[in-house]
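**Student:** Sequence:
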Amino acid sequence: MSQTRTARRPLLATAALTAVLSLCLTACGPGGGEASESPTATPSDTASASASASATASMPATESASPSDTATRSPSASSTPSGSPSAAPSGSASASETPQGATEATVYWVAMDNLEGIEFPGCGDSSLMESTAPVSGAGAVGDPSFVEAGLQVLLDQTEYEVGSGLSNSLYQSELEVTEVSISGDTVTVDLTGTPVSSGTCDDPRIIAQLENTALANAGVYTAEILLDGTPIQEAMSQKGS
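Here our numbering is used: the first residue of the sequence shown is 74, the next is one more, and so on.
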C-alpha cells in the first residue's frame, strides 16, 4: 500500500507544475498584448513625426527667399554710382569763366629771366609764354578779326605785370590796329600810334609779342608788323643779338 501512494505523488506534482506553467503563460498573454499595442500606437506618432518632417522640409524654401532679397538689394546699390557721374558735368560747366559766345584768343607775354618759353632775337634774358584770353565776336583762328582781337588784348593791358611772373612790354605804348590781312602763309598787321620802349632790350620783346600773337591767331608761319606802313623793326631802334 505504501508503494502505491508513493507512485501517485510524482503525478500530482507534475500536474501542479503544469497548472502553474499554464497560469504563467496566461499571465504573460496580456503583457504580450500590451507589447503588441505599442506598435499600433507608433503610427500616430509616425504621422506626427512625418508632419514635423514635412514642416522641416519646408524650411529650406523659406530660407531660399533670403538670397532673392539679396539679389534685389544689389541692383539698388548699383544705382548709387550712377548719380555720381551726373554731378561731374555740372561742376565742370560752372568752372568755365568764358562768356557765352566768346572764344579763346592766344596771347604772348614776356617771361623775364626765364628761357623755358619761346626764344626770340634780343638780349637773351627772357622768353615768351603763351596764355589765352576770352574774346567776343571775333570769329576763329584764321580770321583777321580774330587776329585783331588777340592783339587788342596786348594793347589794352596797361600794367607791366600780368601775373605768374609774366609782363607786358607794350604797357606804355599807344598803338591801334588799323588793318589785318592774311594771304597764304603770311599775316600782315598795320598799326598806328607810338610805341614806347624801356630800352634796347625792350624793343625785341615788343616786336616778339606782336609777331607771335598775330601768328598764333592767324594760324600761319610768317608775320609782318607795320607801323604806319613801315616795318616796325625800322621804326624802333632794335639792338642786341
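Hints were generated in silico from the structure; no laboratory data involved. There could be a bad hint or two in this list.
To be verified - DEER-style ranges, computed between Cβ atoms:
hint	residue 1	residue 2	range
1	Asp186	Gly212	34 to 40 Å
2	Gln306	Gly210	28 to 34 Å
3	Gly302	Asn187	31 to 37 Å
4	Gly236	Thr303	30 to 36 Å
5	Asn187	Gly272	26 to 32 Å
6	Gly236	Leu188	18 to 24 Å
7	Ser204	Asp258	23 to 29 Å
8	Pro207	Glu307	23 to 29 Å
9	Glu307	Cys196	15 to 21 Å
10	Thr303	Ser204	17 to 23 Å
11	Gly215	Gln245	27 to 33 Å
Cβ atoms here follow ideal geometry from the backbone N, Cα and C, with glycine treated the same way.
**Student:** Give a verdict on every hint.
**Tutor:** Okay, the hints, checked on the actual structure:
Evaluation of the 34 to 40 Å hint for Asp186 and Gly212 yields a pass: the beta carbon distance comes to about 36 Å. For the pair Gln306 and Gly210, the beta carbons lie near 32 Å from each other, so the given range of 28 to 34 Å is met. Take Gly302 and Asn187: their Cβ atoms lie about 35 Å apart, and the range 31 to 37 Å holds. For the pair Gly236 and Thr303, the supplied restraint of 30 to 36 Å holds, since their beta-carbon distance comes to about 33 Å.
Range check, Asn187 to Gly272: Cβ separation about 19 Å, and the 26 to 32 Å hint is violated. Under the hint 18 to 24 Å, the C-beta atoms of Gly236 and Leu188, about 20 Å apart, fit the expected range. Our hint of 23 to 29 Å for Ser204 and Asp258 holds, since their Cβ atoms are close to 24 Å apart. The hinted window of 23 to 29 Å between Pro207 and Glu307 is violated, with their beta carbons roughly 34 Å apart.
Checking the proposed 15 to 21 Å range against Glu307 and Cys196 shows it holds: the Cβ atoms sit about 20 Å from each other. In this structure the supplied range 17 to 23 Å is violated for Thr303 paired with Ser204, their Cβ-Cβ distance being about 29 Å. Separated by about 31 Å at the C-beta atoms, Gly215 and Gln245 satisfy the suggested range of 27 to 33 Å.
Of the numbered hints given earlier, the model fails hints 5, 8, 10; all others are met.
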